[in-house]
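Visitor: One-letter residues, chain by chain:
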Amino acid sequence: MANQATRDAYGLALKDLGERNKNVVVLDADLSKSTKTNVFAKAFPDRFFNVGIAEQNLMGTAAGLAAAGKLPFVSTFAMFATGRAFEQIRNSICYPKLNVKIAATHAGLTVGEDGASHQSVEDIAIMRAVPNMTVIVPADGTETRQAIDFAAEYQGPVYIRLGRAAVPDLFGEAYQFQLGKAALLTDGVDVTIIACGIMSAPARQAAGQLISRGISARVLNMASIKPLDKEAVIAAARDTGAIVTCEEHSIIGGLGSAVAEVVVENCPVPLERVGVMDTFGESGTPGDLLKKYNLTEDAIVAAVQKAVSRKNA
Amino acid sequence: MVKKLTPEQLEELARRAKSIRRNIVSMVTEAKSGHPGGSLSAADILAVLYFAEMNVSPAQAKDADRDRFVLSKGHAAPVLYATLAEKGYLPVAELLTLRKVNSRLQGHPEMKAIPGVDMSTGSLGQGLSAANGMALAAKIDARDYRVYALLGDGELEEGQIWEAAMFAAHYKLDNLTAFVDFNGLQIDGAVAEVMSPLPIPEKWQAFGWQVLVIDGHDHQAIYEAIQTAKTVKDKPTMIVAKTVKGKGVCKMENVADWHGKAPSREECELFLAELEGLED
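Same order as they appear, the protein sequences are chains Y and P. The first sequence begins at 1 in the UniProt record's numbering and counts up one residue at a time. The second sequence begins at 1 in the UniProt record's numbering and counts up one residue at a time.
Wrong hints could be hidden among the right ones.
[To be verified] BS3-like, lysine-lysine: derived pairs with alpha carbons at most 30 Å apart:
#	chain 1	residue 1	chain 2	residue 2
1	P	K139	Y	K97
2	Y	K97	P	K100
3	P	K251	Y	K97
Treat the hints as calculated values from the structure; they're not laboratory data. Quick caveat, the model's predicted, so the values are computed rather than measured.
Bound-form chain Y, shown alone (with noise of 0.2 Å):
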């Protein structure tokens, strides 16, 4: 199968599931092409609404709609859904716990040319810190399709953050989400690397590389990120000693804090994060930003030299 960015995977799997549940409606602020909802309204006009550029009526609305029993799929950018509208993520559809689900796009640097105000690095901690809030990030195509049918399943808010950028096809048809549990893409012993979205495809790059170097890595894929999968961290942590984290994020209050939290409150070990080192981004072709970044295969590969050296100093 090609090469597919998560957003168009995600047009595709909501068009599919408006075949399926009459129940859907999907919402958008003027991004309908770039999210790729409007293949969805295309579909199903009758079901699908633009709110046009107003992010928090667009949050408030799908409240309401949840409310009033419809299932609600809202999108924009990542950036906007989860920073202009924040707080109507918050009070009006987490703290009732209502059945909305967010799909956010354009997550990362990787938006690109944009440049900083439209790249968001924040999201994960944003969100993962809001209770009753499930977090998950998909890493590839067919990742991204199963999230969306679980979560049209699940009773609860849910943010799934989507890229723009095409990503190579990581799972195969048979693969199945699990929310909570992480999947194994390659198995080690001296140290785990734990990624999530587009980072997922250098973490599985980088164990081939290490390999050369005498280091047995296990990777893990960590779509979900909140609730995170705590047992196969700890269990990453005894068995391998060591542990890397990758992500197109913020290193502070992402997947790296996650994981983080659980190793040192249940077996501490040299841990290294790959991330955005709490900077803003720039304008940029999302090859020649990850770049610039440091989110690539050969920083995760220093990045476990160093945690694997921790562990033997």
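Take the given structure of chain Y and dock chain P to it, following the hints.
Guide: Relative to the frame of chain Y, chain P by itself:
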């Protein structure tokens, strides 16, 4: 000609509104905090909605076809709780647990805690969007329930209100009727001085709403405005209800300080006696 209330109905509403006001004063006193001013100003609107208009009942609190009410100015929770207690959704005695730990009666309404609360509110500016969603859901499912929302005048300073105003008109939500509790005061003083949302009727008209301006303490006028709103097609209705903050308690009337202050026990006794006297 729109339907009118009978003298018997008017008498019942006067009785209900008085009981609601008495309970507002009692519960805020007992809680030692809360928002009496904007609760008292809205008491007549809620009395008419719950005792003369809305298709709601505690026995079918979650009925899919019931009318909905969203208290967007969520700090006026006491008026909603007192009205729901009056309607039988919760024991009147429970009102005295307002704002205390382990109570269902949170400082601002929580929908999961109390049957009859249709939306959790409190952070200003968010309720109208939720009401829009409920009205839109009715349209999608071809249900004929109606949605009511109560906004504060100071609340109109929130940007989200105007996002929601645009949306309701754009999607022709004629099953939505909202009220502005236009008492003219907010925490820091007169709305006209803090950050004027005036003129209010013209703004809603410009946003594509049917607008009615009434005396928000006149039960007949409130009822007639609701009936008129039901006849309007293809647009939502805003009923701008001119009210008096603290209505019914002389010492509180038109005093911004009573926005969020509890009476002392002594004051409470005086206020309750005054409210009782209104009957004479």
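Visitor: The structure should be examined with respect to each hint, and the outcome stated for every one.
Guide: Hint check:
1. P:K139 / Y:K97: holds (23 Å)
2. Y:K97 / P:K100: Measuring from Cα to Cα gives roughly 22 Å; hence the hint holds.
3. P:K251 / Y:K97: Measuring from Cα to Cα gives roughly 40 Å; hence the hint is violated.
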